[in-house]
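So the chains spell out like this:
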Amino acid sequence: AQSVAQPEDQVNVAEGNPLTVKCTYSVSGNPYLFWYVQYPNRGLQFLLKYITGDNLVKGSYGFEAEFNKSQTSFHLKKPSALVSDSALYFCAVRDMGEGNTGKLIFGQGTTLQVKP
Amino acid sequence: EPEVTQTPSHQVTQMGQEVILRCVPISNHLYFYWYRQILGQKVEFLVSFYNNEISEKSEIFDDQFSVERPDGSNFTLKIRSTKLEDSAMYFCASSAGGQPQHFGDGTRLSIL
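Quick mapping for you: the protein sequence lines, in order, are chains A and B. With this note's numbering, the residue at position 1 of the first sequence is 1, and numbering never jumps. Residues are numbered in this note's numbering as their position in the second sequence, beginning at 1, plus a constant of 1000.
These are computed hints drawn from the structure, not numbers from a lab. Any given hint might turn out to be false.
Said to hold, decoys possible - Cβ-Cβ distance ranges computed for the label pairs, FRET-style:
1) A:Thr72 with B:Gln1099: 16 to 26 Å
2) A:Ser80 with B:Ile1020: 43 to 53 Å
3) B:Gln1041 with A:Thr72: 22 to 32 Å
4) A:Gln113 with B:Ile1020: 32 to 42 Å
5) B:Leu1112 with A:Tyr39: 24 to 34 Å
6) B:Leu1039 with A:Thr52: 30 to 40 Å
Just so you know, even glycine gets a beta-carbon here, dropped at the ideal spot from N, CA and C.
Given only the sequences and the hints, what does the whole structure look like? Please build it.
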């Protein structure tokens, strides 16, 4: 079965410092990977995806993610964190099983806290 | 930018009552989904819908749940006889096939 793990419940970083939010996955076949962000009382907002190609994927708001096949990881990164980046971040993998309905399987989420 | 819209934003219902959660997906999207998020837990898939029929449903999506696309724009989730454990945020999502899913802001369902 396909799964996603986010090992950290919370990540704290000072404004201006680089940030990393970790994600590992387990899939059969090639993964379709996504990062979403959720602000309070809002839905999930798409940040970036990896389907194929370059291992470093660039997305919205200066975020990027690095796909590492050997480590089965897809960590979210940003060179310089902003206080406004504070939110809940979800890693997800698209289910490519039988039927291929495109459903997303989410990690448990990581709260990012950026302090001024 | 087009958005997925969900109504109501908050629904409070007595246990055993029926509720209908409404969604208007992005107009040119063909794939529709419902997910739920129990407070403090991960987002879970409920059901996917394509070509006017359910394409996949999870174990959570039992006989008390149903979905419908009654016209060309709305996509609804009905819970026939609500239970306390149905209390959660329910998110609708849509996609244009192979593209990222776009999510609405959710309906917070509170069962008393």
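Okay, the hints, checked on the actual structure:
Between Thr72 (chain A) and Gln1099 (chain B) the Cβ separation comes to about 24 Å, which falls inside the hinted range of 16 to 26 Å. A C-beta distance of roughly 45 Å is found between Ser80 (chain A) and Ile1020 (chain B), which places it inside the suggested range of 43 to 53 Å. Roughly 23 Å separates the CB atoms of Gln1041 (chain B) and Thr72 (chain A), a value that falls within the hinted 22 to 32 Å. Roughly 37 Å separates the CB atoms of Gln113 (chain A) and Ile1020 (chain B), a value that falls within the hinted 32 to 42 Å.
Distance hint check for Leu1112 (chain B) and Tyr39 (chain A): the Cβ-Cβ separation is about 27 Å, which falls inside the suggested range of 24 to 34 Å. Taken as a hint, the range 30 to 40 Å holds for the pair Leu1039 (chain B) and Thr52 (chain A), whose Cβ atoms sit roughly 36 Å apart.
Of the hints listed earlier, there is not a single one the structure fails to meet.
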